[in-house]
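The chain contents come next:
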Amino acid sequence: MQNIKKPTNGDEMNKQELESHLIFALKRLEESSEQIIKTRGYTNEVEKVKVLEELIKEQLSYENTRNSTSSSR
Amino acid sequence: MKILVTQLARLGDIFLSYPSINALRRKYPDAEIHLLVREKFRWGLSELHSYDRAWIFNSKEILRPIVAEKNNDNSLELVDDLLSALQSEEYTNIINLSYSPLSSYLVHSIASENTQVVGYTRYSDGYLSIPDDTSAYFYAQVGVGRSNRVHLADIFAATIGVELEDQDWSTRHEYETKNRYNEDKRYIVVHIGASQTHKTLTVFKWRQILKNLVKNWEGKVVLIGAENERASSDHMMNGLDESVTNLVGRTTVGDLFPLIRNSELLIGPDSMALHVASLVGVRALNLSMATVNFYETGPYADGSRVIFEDDETLIASDRVVDEALAMIQRNPAKYGIYERVVGSDVSFVANDRVVTKDFSWNLIKALYMGSDFPVIDDVNILRAVERLGQMTLVACEQIELIRDPERRQTAMRILEQSDEIFRKVSLLVPEVEPMVNWFLTEKTRMPPMGLEQVINETYDLYKRIELVLSVYVNFEHKEKLLGGSDADHEMG
Numbered sequence: 001m002q003n004i005k006k007p008t009n010g011d012e013m014n015k016q017e018l019e020s021h022l023i024f025a026l027k028r029l030e031e032s033s034e035q036i037i038k039t040r041g042y043t044n045e046v047e048k049v050k051v052l053e054e055l056i057k058e059q060l061s062y063e064n065t066r067n068s069t070s071s072s073r
Numbered sequence: 001m002k003i004l005v006t007q008l009a010r011l012g013d014i015f016l017s018y019p020s021i022n023a024l025r026r027k028y029p030d031a032e033i034h035l036l037v038r039e040k041f042r043w044g045l046s047e048l049h050s051y052d053r054a055w056i057f058n059s060k061e062i063l064r065p066i067v068a069e070k071n072n073d074n075s076l077e078l079v080d081d082l083l084s085a086l087q088s089e090e091y092t093n094i095i096n097l098s099y100s101p102l103s104s105y106l107v108h109s110i111a112s113e114n115t116q117v118v119g120y121t122r123y124s125d126g127y128l129s130i131p132d133d134t135s136a137y138f139y140a141q142v143g144v145g146r147s148n149r150v151h152l153a154d155i156f157a158a159t160i161g162v163e164l165e166d167q168d169w170s171t172r173h174e175y176e177t178k179n180r181y182n183e184d185k186r187y188i189v190v191h192i193g194a195s196q197t198h199k200t201l202t203v204f205k206w207r208q209i210l211k212n213l214v215k216n217w218e219g220k221v222v223l224i225g226a227e228n229e230r231a232s233s234d235h236m237m238n239g240l241d242e243s244v245t246n247l248v249g250r251t252t253v254g255d256l257f258p259l260i261r262n263s264e265l266l267i268g269p270d271s272m273a274l275h276v277a278s279l280v281g282v283r284a285l286n287l288s289m290a291t292v293n294f295y296e297t298g299p300y301a302d303g304s305r306v307i308f309e310d311d312e313t314l315i316a317s318d319r320v321v322d323e324a325l326a327m328i329q330r331n332p333a334k335y336g337i338y339e340r341v342v343g344s345d346v347s348f349v350a351n352d353r354v355v356t357k358d359f360s361w362n363l364i365k366a367l368y369m370g371s372d373f374p375v376i377d378d379v380n381i382l383r384a385v386e387r388l389g390q391m392t393l394v395a396c397e398q399i400e401l402i403r404d405p406e407r408r409q410t411a412m413r414i415l416e417q418s419d420e421i422f423r424k425v426s427l428l429v430p431e432v433e434p435m436v437n438w439f440l441t442e443k444t445r446m447p448p449m450g451l452e453q454v455i456n457e458t459y460d461l462y463k464r465i466e467l468v469l470s471v472y473v474n475f476e477h478k479e480k481l482l483g484g485s486d487a488d489h490e491m492g
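Protein chains in written order, with the numbering used here: chain X, 1 to 73; chain V, 1 to 492.
Errors might be hidden in some of the hints.
Calculated Cβ distances over 12 Å to all of chain X for the following chain V residues [unchecked claim]: (1) Lys2; (2) Ala31; (3) Val79; (4) Asp125.
Restricting the straight-line Cα-Cα distance to at most 16 Å, the calculated cross-link-like pairs of lysine to aspartate or glutamate (EDC-like) are [what the hints assert, rightly or not]: (5) V:Lys60 with X:Glu30; (6) X:Lys38 with V:Asp30; (7) V:Lys205 with V:Asp125; (8) V:Lys2 with V:Asp30; (9) V:Lys60 with X:Glu34; (10) V:Lys70 with X:Glu45; (11) X:Lys27 with V:Asp73.
Worth flagging that the hints you see were computed from the coordinates, not collected in a lab. As the structure is a computational prediction, the values presented were derived from the model and not from experiment. For every residue, glycine included, the Cβ atom is placed at its ideal position computed from N, Cα and C.
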């Protein structure tokens with residue numbers, strides 16, 4: 001987990017707080033990318049969201065970052 | 001030619017990428033070579049001399065708006081800024097050495113229609129794309145607990161498409177002169193840390209090793225490690241004499257290269273210091289446990305050795321010291337070890353005191369390198385390949401039924417289940433995992449296409465695994481195969 005600090009007061013967020021922030025953000029991003037894919041297909045915009053989703057997943061370490069990639073057709 | 005190499009893994013992987021990037025420069029001397037690395041590990045590039053520009057992926061900065069302001073849009077803007085800047089470079093080639101989902105999306109975003117990509121990327125519909133066979137090998141066979149025995153440095157080189165030469169294991173500086181730590185006395189460097197605590201030994205174990213080393217080694221010992229390992233190193237030092245110099249938390253990356261370069265030997269766990277040793281041509285004694293695959297990330301320098309045990313209780317301090325001294329005196333190993341032998345078909349060769357199980361590795365060699373398929377001498381493995389054979393026959397029948405709209409849905413459900421059964425068989429009998437992973441990876445690699453083409457390609461793929469399985473399974477007697485396995489009957 002990267003050590004990310006609040007710029008407002010300089011206090012370090014505790015791990016649990018940080019994790020819940022990230023999980024909430026990830027959920028919103030996943031909803032957003034699913035919505036775009038449904039309406040407009042896989043666009044550049046979705047890909048940008050996917051980059052951020054994967055970056056958050058890496059911080060949460062709840063996926064194997066090497067092989068959690070795809071299902072087959 | 002303008003090439004982007006993405007290396008978003010940790011320091012160890014960055015150091016292991018040096019030779020391949022040096023070889024890339026050797027192969028294309030006029031190319032403009034850019035690198036993309038993480039902010040946290042950018043200092044890992046300090047000794048690399050064969051690139052023109054480093055781009056930084058700053059995770060902390062990108063995530064700050066999400067964390068501090070609960071604002072996803074500002075984070076997305078930062079992602080967009082980086083991607084736009086990289087897109088405007090119009091790379092002719094992108095080489096992705098990161099093998100991660102994040103990197104696959106990044107690479108696909110940065111690449112234009114004319115960019116040649118190797119390594120993970122994405123298809124136009126967002127599915128994972130693995131365009132080259134080496135990256136497919138990585139996806140299927142590389143990782144902790146798997147049977148790969150090819151070193152990661154060689155996998156990087158194969159992904160890039162270069163042959164490594166001795167000269168590629170080089171750094172910005174040559175470090176020919178003695179450094180300030182030498183004090184005209186021979187020394188061994190001991191690296192006590194690792195990026196993750198489970199990769200290294202406990203303070204107690206290190207202390208035992210150090211005490212034993214001081215007792216038996218006439219030269220000096222220099223401890224290295226990170227700032228956050230200082231307290232541990234102070235505990236280790238307690239009671240040790242002045243022949244041990246504690247530099248834990250007191251060295252920069254710039255110090256490590258000359259320090260290791262002038263040492264007799266490096267002793268360390270699975271960590272980046274092993275790769276520094278390889279880059280400066282110093283042999284290392286790697287103390288490795290089951291938390292990594294040392295075949296992939298062990299010390300690359302010829303003659304390096306690995307003591308491997310499932311956990312540290314089995315790594316006796318006198319064994320470590322005996323082995324270290326044997327290496328310095330160029331004597332053969334006294335105990336069961338793995339030795340780096342350049343030119344061998346595996347990255348480390350087990351000496352005759354080690355019993356190895358080779359079926360899975362031999363299966364990998366047969367699948368990817370054209371070797372003969374290994375003989376099955378275990379009834380469970382035989383039963384497993386027969387199960388895979390049965391599922392292959394069932395799947396081939398169902399693929400035909402997909403063409404019938406009324407039966408399509410059921411057939412597709414059965415096919416999905418077939419993948420699941422393949423996975424379950426490999427979980428129950430891990431020896432066949434390489435074959436299952438090879439097959440499922442090839443399925444993953446299929447590009448977007450029309451239904452008819454998907455049907456044909458999937459059928460062809462099942463026929464390929466049938467061909468592989470036919471080494472062990474008799475497909476000419478389908479009824480018998482579907483009715484029950486020979487192994488089942490043998491087992492009663």
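Cross-check of the supplied hints:
1. With 12 Å as the threshold on Cβ separation, the claim that Lys2 of chain V sits away from chain X holds: the shortest Cβ distance comes to roughly 21 Å.
2. Annotated as non-interface, Ala31 of chain V keeps its C-beta farther than 12 Å from every C-beta of chain X; the closest such distance is 26 Å.
3. Distance to chain X contradicts Val79 of chain V as a non-interface residue, since its nearest Cβ pair spans about 5 Å, not more than 12 Å.
4. The Cβ of Asp125 of chain V does not lie farther than 12 Å from every Cβ of chain X; its closest approach is about 5 Å, which violates its non-interface assignment.
5. Restraint check: the Cα-Cα separation between Lys60 of chain V and Glu30 of chain X comes to about 20 Å, which exceeds 16 Å; the hinted pair is violated.
6. Between the alpha carbons of Lys38 of chain X and Asp30 of chain V the distance comes to roughly 45 Å, so the proposed pair goes past 16 Å and is violated.
7. With a C-alpha separation of about 52 Å, the suggested pairing of Lys205 of chain V with Asp125 of chain V is violated against the 16 Å cut-off.
8. Our distance criterion of 16 Å between C-alpha atoms is met by Lys2 of chain V and Asp30 of chain V, whose separation comes to about 9 Å.
9. Distance restraint check for Lys60 of chain V and Glu34 of chain X: the Cα-Cα separation of roughly 25 Å exceeds the 16 Å cut-off, and the hinted pair is therefore not satisfied.
10. About 20 Å separates the Cα atoms of Lys70 of chain V and Glu45 of chain X, which puts this hinted pair outside 16 Å; it is violated.
11. Distance check on the hinted pair: Lys27 of chain X and Asp73 of chain V sit about 14 Å apart at the alpha-carbon level, within 16 Å; holds.
The earlier numbered hints that this structure contradicts are 3, 4, 5, 6, 7, 9 and 10.
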